[in-house]
Amino acid sequence: MSNVHTTSDKTEEIRRAIVEAVTAVKATHPMVPSITNTITINLVANAQLAVGGSAAMVYLPDEAEALALMGGAFYVNVGGLLPIYEETLPHVARVLHEHAKPWVLDPVAVGIGRLRTAALSQFKLYKPSVIRGNASEIIALAGLWQLDGEDASRVRGVDSVDSVTSATVAAVALARWTGGAVAVSGETDLVTDGTVVVRSFGGSHFMTKITGAGCSLGGVTAVYATASGPFIAALTGTAVYNLAGRRAGARSEAPAQFQTEFLNELYQASAEDIADNPFEIEEVLS
Amino acid sequence: MSNVHTTSDKTEEIRRAIVEAVTAVKATHPMVPSITNTITINLVANAQLAVGGSAAMVYLPDEAEALALMGGAFYVNVGGLLPIYEETLPHVARVLHEHAKPWVLDPVAVGIGRLRTAALSQFKLYKPSVIRGNASEIIALAGLWQLDGEDASRVRGVDSVDSVTSATVAAVALARWTGGAVAVSGETDLVTDGTVVVRSFGGSHFMTKITGAGCSLGGVTAVYATASGPFIAALTGTAVYNLAGRRAGARSEAPAQFQTEFLNELYQASAEDIADNPFEIEEVLS
Amino acid sequence: MSNVHTTSDKTEEIRRAIVEAVTAVKATHPMVPSITNTITINLVANAQLAVGGSAAMVYLPDEAEALALMGGAFYVNVGGLLPIYEETLPHVARVLHEHAKPWVLDPVAVGIGRLRTAALSQFKLYKPSVIRGNASEIIALAGLWQLDGEDASRVRGVDSVDSVTSATVAAVALARWTGGAVAVSGETDLVTDGTVVVRSFGGSHFMTKITGAGCSLGGVTAVYATASGPFIAALTGTAVYNLAGRRAGARSEAPAQFQTEFLNELYQASAEDIADNPFEIEEVLS
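Protein chains in written order, with this note's numbering: chain E, 1 to 286; chain Y, 1 to 286; chain X, 1 to 286.
Simulated from the structure, these hints should not be mistaken for laboratory data.
Treat the hints loosely; a few may be bogus.
It does not matter which identical chain is used: a pair holds within one copy or between any two.
As the list claims (entries may be wrong) - Straight line, CA to CA, 25 Å or less: simulated SDA-like cross-link-like pairs of lysine to any residue:
hint: 1; residue 1: Lys-26; residue 2: Thr-208
hint: 2; residue 1: Lys-10; residue 2: His-29
hint: 3; residue 1: Lys-101; residue 2: Thr-188
hint: 4; residue 1: Lys-209; residue 2: Gly-249
hint: 5; residue 1: Lys-26; residue 2: Asn-134
hint: 6; residue 1: Lys-209; residue 2: Ala-66
hint: 7; residue 1: Lys-124; residue 2: Val-19
hint: 8; residue 1: Lys-209; residue 2: Glu-283
hint: 9; residue 1: Lys-209; residue 2: Pro-90
hint: 10; residue 1: Lys-209; residue 2: Trp-177
hint: 11; residue 1: Lys-209; residue 2: Leu-285
Predicted model, so just to flag it, every value in this text is computed and none were measured.
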């Protein structure tokens, strides 16, 4: 059970951990490979570079394996699938799981297509450290993994019915299954490790007017996963996106301007500013 | 036969239809899937978002079919072909044709390569609602489809020999075959439904100094094809590109600045401003 | 043996040749096809357009062959390999070699993956006109081609131990094998034809904070290879990147702003300014 005192302690603990993750990334420039779609691949790489990471994108199974073993974390985004992914995706997921490498999954468009369904189904066993998606994707993935019927969680204090909060049960169920974290993107973002749910505030309406805000958040979250556990990585990625989005949005009148300003803000955001981006913590009643 | 009076009526009819198409897109954010090349795929998506649409890009046959059935229109661009397109392109074109879904074809680099020639030949039967290309592509596609020997059209009032007007006969022949519209991009753009030819004015020389102005115009035209017939969709896409290009070009000294300004102007252009972008109508003598 | 007089003559000769190459490209807009990775493909094309060239990217063997025969030079970048490249890469390299077409190779991530190793090994016989990479890639490629054991060169006046200079022996060995040029990118760039080593100054630390500075330099070098020999093409590409990078960096506070400014500066750089970008010449003792 939480109270004001423990929540305040938890808030400070989270802020310190965010500062540590951001500082470590800026100091070490960790290489984080990705398998990601061709639509937003350039933005994913530039966002990873902007926060201090280093990017490498691959398609082939043996290259994915080699980079998975070299990198501190890995990003898998199933948008825009190519035929070779039928081999690459399950192979790299197995390698990552066997070597206990943290990896971030973005289950883009779950439900469409045989290959995507097969790959996402297989991923249940390989337990991605962080799953990041919009509310529909998180609900659909929990359904695909048959976690939605488990009724394993109730969330205290969630009474609105907006789409992000409607994904809370699914997000908690997924996090409990993987033992990692789940991030749900929307007007207010939600991050959970299965025991607490954090709501993170900020962003801009322009983030839906450019392609790749979500994809690149997944890539950035994987960068932070080299320097912290899944929950803090997901929170840090969400926080820097909300911070940079709010700052860039305040100066922008149109989407292309916003994208430039947003990447600049990702680069300029300090560890302290990211940690101070507003969030609220709620415990999950099991 | 046209005269000042009927041309003026037609002009007003077109303007009203453009206002309706733009307004409907901004209100409903229609999802328009694409099969398009990796070079300009990001710009296509961002341009579709900027005018109010929603983007989804795919490679695999079953994903293309699923999205074709979900979307209000589809965009096919044959630049940068990948091997899987040998299956995907004819499959999705057949699905679109059978379900009477409007689709826009950009016959990039028609004439190069076995797969491209085979796919573009097959498309003759599946009758793309709008064909958009530069003059050489339109002439070459009419030749590939053996429409250029039909001598089915003469265009009144076309006396210049610039490359766009040199494609007028081919454009009219293609439009008559498909029963849709054809848009030819160049210094002055041409749009025809086989009965009238509209010349649309504006743009910027910087549009040839960035990659993807043509590709993204095809994607934007497909967005408007969810909200109007092929002729108005082609005209609306051409008009917003000429408007945004002229506005962005007036403020730009170099291409990267132009691309940012251009996407911003696509986003900010009002339905009335797009409809008021200058154009001239000529009837085709059959 | 060089002295002040001959070095000064050589400097002026190089400057005149750079002016000629840049001027010819701006006048003729040469089409330069590429096989390159999906991560930075858009930046490669836009950089080629910015300096005055024309871009065309392909994946399939027969398209690559057709464009190789049409183009004045070709760019091959082995980042982000797709399965079809197993056929395309050796095929196009053989065609280019047999038709004596200049081509630029960027051996991205040499050492990772079976397909990349096989392709890069085969390229030894097809002698790319220009090889462009970072120091590690140049050293690794010389190793893969077993040129590093030849001890064929010593470089006078190179006494620092930074990574670029550490690749000097490998770069000279590669250039002597191909009979072309090698460019090594780093804080100070190095270009050699196997007889002289030129160090080119400029750039910006932001070039490592955006993805594709190196890839697009390869593409731009291929544009200049249509209008000059490999050594001048490599020098001209390196010079315009150092010039535009320094100018853009001076006005930029963050990476996305830098990328826009950089492309703008590529477009605006005059032939004389590019030729005047600082460089130093050293002869290689054989």
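How the hints compare with the structure:
1. Lys-26 / Thr-208: between (27 Å within a copy, 14 Å between copies)
2. Lys-10 / His-29: Close neither inside one copy (28 Å) nor across copies (41 Å); limit 25 Å.
3. Lys-101 / Thr-188: Neither: 29 Å inside a chain and 36 Å across chains, both beyond 25 Å.
4. Lys-209 / Gly-249: The answer is both: 11 Å in one copy and 22 Å across copies each meet 25 Å.
5. Lys-26 / Asn-134: For Lys-26 and Asn-134, only the inter-copy Cα distance (22 Å) is at most 25 Å; the intra-copy one is 28 Å.
6. Lys-209 / Ala-66: between (36 Å within a copy, 24 Å between copies)
7. Lys-124 / Val-19: Neither way: Lys-124 and Val-19 sit 31 Å apart in one copy and 49 Å across, limit 25 Å.
8. Lys-209 / Glu-283: neither (33 Å within a copy, 39 Å between copies)
9. Lys-209 / Pro-90: For Lys-209 and Pro-90, the Cα distance exceeds 25 Å both inside one copy (32 Å) and across copies (31 Å).
10. Lys-209 / Trp-177: neither (33 Å within a copy, 37 Å between copies)
11. Lys-209 / Leu-285: For Lys-209 and Leu-285, the Cα distance exceeds 25 Å both inside one copy (36 Å) and across copies (44 Å).
Consistency with the previously given hints fails for numbers 2, 3, 7, 8, 9, 10 and 11, ordered from lowest to highest.
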